[in-house]
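All chains, full assembly: derive it from the sequences and hints.
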Amino acid sequence: MTQRAHQQDRQPTTPFRARPTAWAIAAVLAAGGLGGCGSDEPAAGAATSASTVAAAAPTTEAAPTTPVPAPAPAPAATPTTVAAPVVDFTMPDLVGTDLQTAQNTVQTYGVFYSVSHDLLGSRNQVLDSNWIVCDQNVPAGQQVTGAVEGSIDFGVVKREETCP
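Heads up: the sequence shown is residues 0 to 163, going by numbering that gives the first Met the number 0.
Hints may be right or wrong, so weigh each one.
[Stated by the list, open to error] Restricting the straight-line Cα-Cα distance to at most 20 Å, the calculated cross-link-like pairs of lysine to any residue (SDA-like) are:
1) Lys157 to Asp92
2) Lys157 to Thr96
3) Lys157 to Asp97
4) Lys157 to Asn136
5) Lys157 to Asp117
6) Lys157 to Gly95
7) Lys157 to Cys133
8) Lys157 to Leu126
9) Lys157 to Asn129
10) Lys157 to Tyr108
[As the list claims (entries may be wrong)] Label-pair ranges, simulated between beta-carbon atoms:
11) Ser121 to Ala30: 55 to 61 Å
12) Val125 to Thr161: 46 to 52 Å
13) Ile24 to Leu126: 48 to 54 Å
14) Val27 to Ala146: 53 to 59 Å
15) Thr96 to Arg122: 16 to 22 Å
16) Ala29 to Ala146: 26 to 32 Å
17) Ser150 to Gly120: 21 to 27 Å
18) Ser121 to Ile24: 53 to 59 Å
19) Ala30 to Thr100: 58 to 64 Å
20) Leu28 to Val114: 45 to 51 Å
21) Phe88 to His116: 20 to 26 Å
22) Gln142 to Phe111: 54 to 60 Å
23) Arg158 to Val114: 17 to 23 Å
24) Asp92 to Tyr112: 17 to 23 Å
Bear in mind the hints are in silico, worked out from the structure with no lab data behind them.
Note that the Cβ used here is the ideal one computed from N, Cα and C, for glycine as well.
So this is what it looks like as structure tokens:
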């Protein structure tokens with residue numbers, strides 16, 4: 000079948016704006032979506048119709064009405080302040096370990112963001128376990144305190160390479 004014959008077999012499509020059924024469905028969906036956006040209080044019309052029905056129904060005995068106590072107001076939420084994590088540890092010697100182990104080690108001390116750089120070029124460290132730590136900017140045995148996120152830097156080479 001040629002392309003021209005195929006195009007002749009296709010029925011012309013009606014644009015969306017000219018389809019009344021599509022507009023009707025869209026209007027119903029929009030009204031249904033907006034219907035749940037109101038407040039939790041009943042509408043005035045609903046209260047009026049309920050009282051009209053109650054007044055129209057014959058009653059043989061008047062029921063005693065007891066006031067329903069209003070629910071107690073919720074206690075005001077006290078603002079909570081999150082204390083900054085306190086980092087205080089002695090930097091371990093991580094030279095010779097793979098980068099993943101070095102990162103996991105400093106994370107146990109509360110430092111969740113450390114950086115690394117390739118000592119033999121500018122390659123990205125994608126699979127951390129394939130890189131070996133050759134040096135660290137914080138010497139082993141030095142006390143690490145305060146906000147040190149991102150300031151611990153490991154110099155690394157690929158596992159099969161030697162440290163410079």
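When you check the alpha-carbon spacing of lysine 157 and tyrosine 108, does it fall within 20 Å?
violated (26 Å)
Is the straight-line distance between the alpha-carbon of lysine 157 and that of cysteine 133 20 Å or less?
Satisfied, since the Cα-Cα distance of roughly 10 Å is no more than 20 Å.
Just to be sure I understand the hint, the distance between the Cβ atoms of glutamine 142 and phenylalanine 111 should be within 54 to 60 Å; is that true here?
Once the Cβ atoms are compared, 19 Å apart, the range 54 to 60 Å for phenylalanine 111 and glutamine 142 is violated.
Per the hint of 53 to 59 Å, is the separation of the Cβ atoms of valine 27 and alanine 146 within bounds?
holds (55 Å)
Does asparagine 136 sit within 20 Å of lysine 157, going by the straight-line distance between their CA atoms?
At roughly 18 Å apart (the allowed maximum being 20 Å), asparagine 136 and lysine 157 satisfy the hint.
Measuring from beta carbon to beta carbon, are aspartate 92 and tyrosine 112 in 17 to 23 Å?
holds (21 Å)
Is the hinted range of 17 to 23 Å satisfied by the C-beta distance from arginine 158 to valine 114?
holds (19 Å)
Distance restraint evaluation - phenylalanine 88, histidine 116, Cβ atoms, bounds 20 to 26 Å
holds (23 Å)
Leucine 126 and isoleucine 24 - C-beta distance against the hinted 48 to 54 Å
At roughly 51 Å between Cβ atoms, leucine 126 and isoleucine 24 fall inside 48 to 54 Å, so the hint holds.
Are the Cα positions of lysine 157 and glycine 95 separated by 20 Å at most?
holds (12 Å)
Look at the Cβ atoms of serine 150 and glycine 120 and judge whether their distance stays inside 21 to 27 Å.
holds (23 Å)
Please work out if lysine 157 and leucine 126 have their alpha carbons no farther apart than 20 Å.
holds (10 Å)
Hints 10, 12, 16, 22, counting from the list given before, are not met by this structure.
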